[in-house]
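Given the coordinates of chain F, work out where chain H should sit on it, guided by the hints.
Line by line, the protein sequences give chains F and H. Numbering of the first sequence is given in our numbering, commencing with residue 1417 and proceeding in unit increments. Numbering of the second sequence is given in our numbering, commencing with residue 1417 and proceeding in unit increments.
Treat the hints as calculated values from the structure; they're not laboratory data. Keep in mind that the hints are not guaranteed to be accurate.
If several chains are the same, the list does not tell them apart, and a pair holds so long as it fits within one copy or across any two.
[To be verified] Mimicking DSS-like on lysine-lysine, the simulated pairs with C-alpha atoms at most 25 Å apart in a straight line are:
{"hint": "1", "residue 1": "K1433", "residue 2": "K1419"}
{"hint": "2", "residue 1": "K1597", "residue 2": "K1517"}
{"hint": "3", "residue 1": "K1484", "residue 2": "K1520"}
{"hint": "4", "residue 1": "K1419", "residue 2": "K1483"}
{"hint": "5", "residue 1": "K1597", "residue 2": "K1419"}
{"hint": "6", "residue 1": "K1433", "residue 2": "K1597"}
{"hint": "7", "residue 1": "K1597", "residue 2": "K1520"}
{"hint": "8", "residue 1": "K1419", "residue 2": "K1517"}
{"hint": "9", "residue 1": "K1433", "residue 2": "K1483"}
Note that the structure is a prediction, hence the values are computed from the model and not measured.
There are 2 protein chains.
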Amino acid sequence: MSKHATPDHPIHELLSKRWSPYVFADRPVAPADLNSLFEAARWAASSYNEQPWRFIVAARGQDAAFKKLLGCLVEANQAWARQAPVLALGVFARTFQRNGKPNKAAAHDLGLAAASLTFEATARGLCVHQMIGIDPEQARAAYSIPEDHEAFTALAIGYPGDPAQAPEALRGRDTAPRARKPLAEFVFGESWGVAADLAR
Amino acid sequence: MSKHATPDHPIHELLSKRWSPYVFADRPVAPADLNSLFEAARWAASSYNEQPWRFIVAARGQDAAFKKLLGCLVEANQAWARQAPVLALGVFARTFQRNGKPNKAAAHDLGLAAASLTFEATARGLCVHQMIGIDPEQARAAYSIPEDHEAFTALAIGYPGDPAQAPEALRGRDTAPRARKPLAEFVFGESWGVAADLAR
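Bound-form chain F, shown alone (with noise of 0.2 Å):
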């Protein structure tokens, strides 16, 4: 199973063969793989350089360690995420370490390093599905986060399944067509709402 964007412009074969699964292949991660893709999500951008994203990982072979994190999912996520063979909760700090004050940019980081983790990912034919479907004080509460740490989203990360063997619901997202707002509708220029010249 794989699904291509379809886009206007040439853009890197790792950005049009991303995609977020429902459905993963009954197959493990190896950790040489993991490691990898937090050393991808390690090496983003950040304002200050602060590095404010955590991640907390369990396979599914653990099985307490599993079952702790699925439960900081949402239920309509845990539904499809209980089969992927990693999930991981992204926790990003809200302040600065060197001096306390808010970081406004945390959330915005934590995504860099997210989609680096991402096309690391896809360049090892895994797929990540990120939600933000979780339930923050619930993983406070199993992992014991720290008040000016949150949680933030979830990552299911594994190699794509077979949506024939899925049910039905699942089956279905899995093979709709990809779909996207033309560059005209998000790429202005002088004027908000008006396409940029240089883009479109």
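Just chain H now, kept in the frame of chain F:
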């Protein structure tokens, strides 16, 4: 000028090569390349596929437009970003278009899109230097950005320059080694703050 990461685990070259220069070459960016950069952003993942990102872009050749955009940056960033061939503002929609409810993931998902744009740039020999140091209300006024959108970042885009040609302060920034926390400090397992067995 290039600045490779020194990863502890192998990562894709487009991730290890990525860096954020302060000094750009005096060389324009072709519109076709810009189109592909924003196309890369377009295909990023987002919560409910909302695609909350918006960009406002100006090239240095467009004097009035470039000055208007440069004026939305804090002065410390204007000092070096005025030399970049292309500047963009990263904006997000605070609410979902379909129901007007707050989109908690908006800033995070702008980060996903900006990272995709940056991978595409790296693949094309371009560099992107992102900034959180902008004046959102100045941007709102300059472009009449609606209340339910927020200007959040700026991106300087171009070919890396020669730090030796730059003022002392910038020269030092671009020649300093890149540093990151080790994986064990941000990838946790069953307990917060304890390195995951899966990734070390």
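Hint check:
1. K1433 / K1419: Classified as within: same-chain Cα gap 6 Å, cross-chain 27 Å, threshold 25 Å.
2. K1597 / K1517: between (37 Å within a copy, 20 Å between copies)
3. K1484 / K1520: Cα proximity of K1484 and K1520: across copies only (24 Å, versus 29 Å in one copy).
4. K1419 / K1483: neither (29 Å within a copy, 41 Å between copies)
5. K1597 / K1419: Result: close within a single copy only, 17 Å intra versus 34 Å inter.
6. K1433 / K1597: within (18 Å within a copy, 30 Å between copies)
7. K1597 / K1520: Answer is between; shortest inter-copy Cα gap is 20 Å, intra-copy 27 Å.
8. K1419 / K1517: Answer is neither; intra-copy 42 Å and inter-copy 29 Å both fail.
9. K1433 / K1483: neither (30 Å within a copy, 37 Å between copies)
When the structure is compared with the earlier hints, violations turn up for hints 4, 8, 9 and for no others.
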